[in-house]
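Asks: Let the hints inform the model, and build the full structure from the sequences given.
4 protein chains.
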Amino acid sequence: MIITLKPNTPQIEIDRLAEYFESKGVRVHRIHGENFDVFGLVGDTTRLDERDVRSNVWIENVQRVQVPYRLANRMFHPEDTVVDVEGVKIGAGQKVAVMAGPCSVESLEGLCSIARAVKDCGASILRGGAYKPRTSPYSFQGLGYEGILDLAEARRRTGLPVVSEIMSERNLDEFIEYIDLVQIGARNMQNFQLLKAVGRINKPVMLKRGMSSTVEEWIMAAEYIMANGNPNVIFCERGIRTFEKMTRFTMDLAVIPLLKEKTHLPVVIDPSHASGDWKLVEPVALGAVAAGADGLIIEVHDRPDQAFSDGAQSLKPEKFRALVTKARAVARAVGRDL
Amino acid sequence: MIITLKPNTPQIEIDRLAEYFESKGVRVHRIHGENFDVFGLVGDTTRLDERDVRSNVWIENVQRVQVPYRLANRMFHPEDTVVDVEGVKIGAGQKVAVMAGPCSVESLEGLCSIARAVKDCGASILRGGAYKPRTSPYSFQGLGYEGILDLAEARRRTGLPVVSEIMSERNLDEFIEYIDLVQIGARNMQNFQLLKAVGRINKPVMLKRGMSSTVEEWIMAAEYIMANGNPNVIFCERGIRTFEKMTRFTMDLAVIPLLKEKTHLPVVIDPSHASGDWKLVEPVALGAVAAGADGLIIEVHDRPDQAFSDGAQSLKPEKFRALVTKARAVARAVGRDL
Amino acid sequence: MIITLKPNTPQIEIDRLAEYFESKGVRVHRIHGENFDVFGLVGDTTRLDERDVRSNVWIENVQRVQVPYRLANRMFHPEDTVVDVEGVKIGAGQKVAVMAGPCSVESLEGLCSIARAVKDCGASILRGGAYKPRTSPYSFQGLGYEGILDLAEARRRTGLPVVSEIMSERNLDEFIEYIDLVQIGARNMQNFQLLKAVGRINKPVMLKRGMSSTVEEWIMAAEYIMANGNPNVIFCERGIRTFEKMTRFTMDLAVIPLLKEKTHLPVVIDPSHASGDWKLVEPVALGAVAAGADGLIIEVHDRPDQAFSDGAQSLKPEKFRALVTKARAVARAVGRDL
Amino acid sequence: MIITLKPNTPQIEIDRLAEYFESKGVRVHRIHGENFDVFGLVGDTTRLDERDVRSNVWIENVQRVQVPYRLANRMFHPEDTVVDVEGVKIGAGQKVAVMAGPCSVESLEGLCSIARAVKDCGASILRGGAYKPRTSPYSFQGLGYEGILDLAEARRRTGLPVVSEIMSERNLDEFIEYIDLVQIGARNMQNFQLLKAVGRINKPVMLKRGMSSTVEEWIMAAEYIMANGNPNVIFCERGIRTFEKMTRFTMDLAVIPLLKEKTHLPVVIDPSHASGDWKLVEPVALGAVAAGADGLIIEVHDRPDQAFSDGAQSLKPEKFRALVTKARAVARAVGRDL
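These protein sequence lines are chains A, B, C and D, in that order. Read left to right, the first sequence gives residues 35 to 372 (this note's numbering). Read left to right, the second sequence gives residues 35 to 372 (this note's numbering). Read left to right, the third sequence gives residues 35 to 372 (this note's numbering). Read left to right, the fourth sequence gives residues 35 to 372 (this note's numbering).
Watch out, some of these pointers could steer you wrong.
Which copy is meant is left open, because identical chains are indistinguishable; a pair holds if it fits in one copy or across any two.
[What the hints assert, rightly or not] 20 Å max Cα-Cα, derived DMTMM-like pairs, lysine to aspartate or glutamate: (1) LYS40 - ASP311; (2) LYS230 - GLU203; (3) LYS58 - ASP339; (4) LYS296 - GLU187.
Keep in mind the hints are simulated off the structure, nothing from the lab.
Replies: Right, dumping it as structure tokens:
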């Protein structure tokens, strides 16, 4: 951690500050510059919060050298982590995993019909929302527990593991019992109570990026889960909020290589939410596979115009089949399979 | 709601769509344009979700005329709402309410000392965080229930009502018992389970804006609380996330008149989080009062450099006193008091 | 164009407004809603500016149905445009064009050496900056006219057409004389005088997206060039500015299919500026090709650490060669060549 | 400048790098950390470009301690600069200057009529656009030279100095001859050729912030003008581009104290463009004055619904008069006058 002092800080304050940091267990390396004094702190600074340090009136600026995450940090864990979702292995150059299904679970029969269709097209995990975060209190809020049971039954009938979003600690038991991959949605990426709760369970977690979360905040959210005991975290980019209005969100492609450089965890892309428009889903998905994604999660519905939610970004099964075929060709072109 | 159909939509599909919307209880007004057909839907469209409508393949675009909120909508509730926090009245041209206190509750004695200081300077509500949303799992997470009890005791000793942030439904009982104004933090603005939960209690709620939430999403979050039965909602702007790096967030001043035009609820400004730097707090606070804010919430600490969190943006009591004096002068210049 | 009137607009004002719009040559279709009156304007509304219309006090809101561009609009020009840069054809499913070279022209020999290297790796157009937009007045500003002459000489020696950025109308003659593809940089995307100037020349123009320009503003900038007589415009996405700090900019992948839907012009991607980090260039470039880009423009330097500018995002020739090989495999996987 | 080397950088490379920086005239202070080596560079680093330094493969990260601007830097120029616009003094606690007038000059008589009105209300400088940057090539582009002559005549008749936007170096002579305060618009903030050109003239320049420019980039644009010889620069905040759609731009209030801390130049606020809606102009303007702005620039039109541009954000004279009265009261409340 590099600490820049204000111009003209009295020597006595400089000494006091140096002592203070030494008392925190780090060594202080002093640089006397032309206009500023600078401290270089050497040692474990993970527990020093930059903003707390900055509160001292003699400190002008604080800059981290060491990143604030340890468990997710590739420096301390050089090998790729492979997350196993009931036999589907994700990460480390394994086959690109394809998760697909409806935005919302709407009925058992509808779900099973879509599940069979996506399995037939090549999907290996079934997605479906039972608890739905909706902007309006007047919109369909999901089937809740009934939807969870429908997912469990669809898994029984098709053999596909299931992924679904958890919105409250209160539903944790249902997810432990019936869901194979627990999704934290974008709006809850910094719901720290929920992160701690899923950190204590023995199920893999797929952590979507908050719509305005920096990559560092996202990794720190994964660190919350890992620090509470759960090492099986998958990142899922679903688009960030920008000024552009023609797409729902802006997919940040560079996070794929970036997360792989900084961490050892798998990265999945959600082109459906990232673009918000079914016509854009295929090209965005192909781009993600070419850039090295470990998986895709895609909304598929047999009757998008009658979907209870997000029909606008759902693919029909035949379009999904075409996407999978092309994505497989792209995966092979970059030395992967799908 | 205005619906634009795709060029060359077959007449039979146009008719089908029109029937579909009529079946939803709205009248369809058809416009035959040069390149497009357009439907104008007349009636209550609050329950039609734009994105769901857009999922029909013949629909090019959907635009709302009517806003999607009812309870928060000034059109249906023209008078300003006044929220009463244990005798402190907020909104509708009442005195500008000043809430102040430490970022985190650190100890009972420290809290009471700051409470007395801010009361003496003119604050009418005490703030203090017991449950702290921190980016890092390794940072101080707040005293939790003990902090809530400290707030209750500080209230008893000073007579100041207290405001504190709730992070989980599980803590709702503590807040009902001890806290006068329940704060929903920026990171939980779309934690819809929590919004529903505080919608069912009989306490005023201060709803902070999500760091990347649009004004419409923010109003819809208030609508969640109101639709669950709680009409006493206060908006709190605390800065939005932009590309600018020199400040922590960017305070969006225009939301003050904008929210007052669209809704009937009070608007409070948090200049401490919005700027992230104590040197900027005073000018931002004065600007907010001049622009018509109904209240301010400000972090004050007697020893900012030893604060457990956010010392960088905390004012010392003497600076806070100066701020209150100037803010009062500005309030009077615009026909208010403070 | 859909115009929503304010609630309770007097009938006489409604009639006056309708007459006004009729006088502008459009037909007015009136919808009488429950809370609002709405006008649907039918006819050519390209010349009506939404913001000008909104200035009437009785108008609540204005929404376009028809987009404001004509020449760039695929609706009126369904076939893909192919831009020919001295024999290199770009767009319409042609081979993916690879442009490469140093950020800045630094010397004739250095330029020619890099030019030969990138040609050998498969590039078909040489890039090189002679006039450099630099944030600091104290940074290297480019060789200017000398750099343009070096580019012309490198073209003579290698046979590669050249692309370079123009920063001022005053240099137009040099570009007409020596440069094959005239680049408008991100910072000048709305330098309308410059757009008009390059609209009057007989050379293809590559129009980079402004770092915070919407897709619609970008298409309108192309429309400026086309409306002044030059139909040969290529879009170039180079990343937009967002809150994320770990990358220099955020590449907006979805613009590739989006621009192809809305317009008929080719789309090139600049992964070097979009990511700002040489380690990210290859995955971003592969993603762009998979998503359907018509070309790539990539910074290559034989000694990046001695480059006069942007060494951090420049590839060494051997890495560029590897990128081209992989990009070719991806292009073939999606039915293109490179 | 603090340079962090990659983990495991060979000692020979560390030594080579240190020598390299010493050769650039700075002293290198070495810190040997647990996972990283760090260099602290002491001396004048203004001419070292961070991104150029980062291009070395052994360098992980580069962080500035010293800011990259000198002439605009308050550290080297502690007193406030007062810019004199034909007798109207702006900055350093002088009266808050009010600039007002139509968005576009539309006719001589219309301009003079508005000029007399705004002067009568308390404005001291007349604004009016002769060259207009318009998103669409089909929108009114301004009267050009004729508009400049109208401004000169309005000045002659009313005695008000005039401010107008320059869009091209080619028009520089007109501005030198007839305009008192030369405005650089948001879209040209990084049109470096234009910045250099106005840096060489003997007229004050008002530099609007680019809609997505950081404060540091903005100060560097001022530095361009100053480094070319013109010390009379005024900053003008006109709102930045964010995700929020209900306002045209988001006014960044904190830049007022921030620019005053970092630089010695005056700061003017444009509430008309920042909000884009005449109903928001007054509260935003009052907020700006309370926060310490040195001036306001406001669009006023006697018939906003017939304005050639930006009528939606123009005030009628009577509303402008009310704004000035209130702004004066606020200015006095914070120890200024207006």
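Asks: Each hint needs a verdict: does it hold in this structure or not?
Replies: Cross-check of the supplied hints:
no. : hint            : in the structure
1   : LYS40 - ASP311  : between (51 Å within a copy, 15 Å between copies)
2   : LYS230 - GLU203 : both (9 Å within a copy, 14 Å between copies)
3   : LYS58 - ASP339  : between (60 Å within a copy, 15 Å between copies)
4   : LYS296 - GLU187 : neither (38 Å within a copy, 43 Å between copies)
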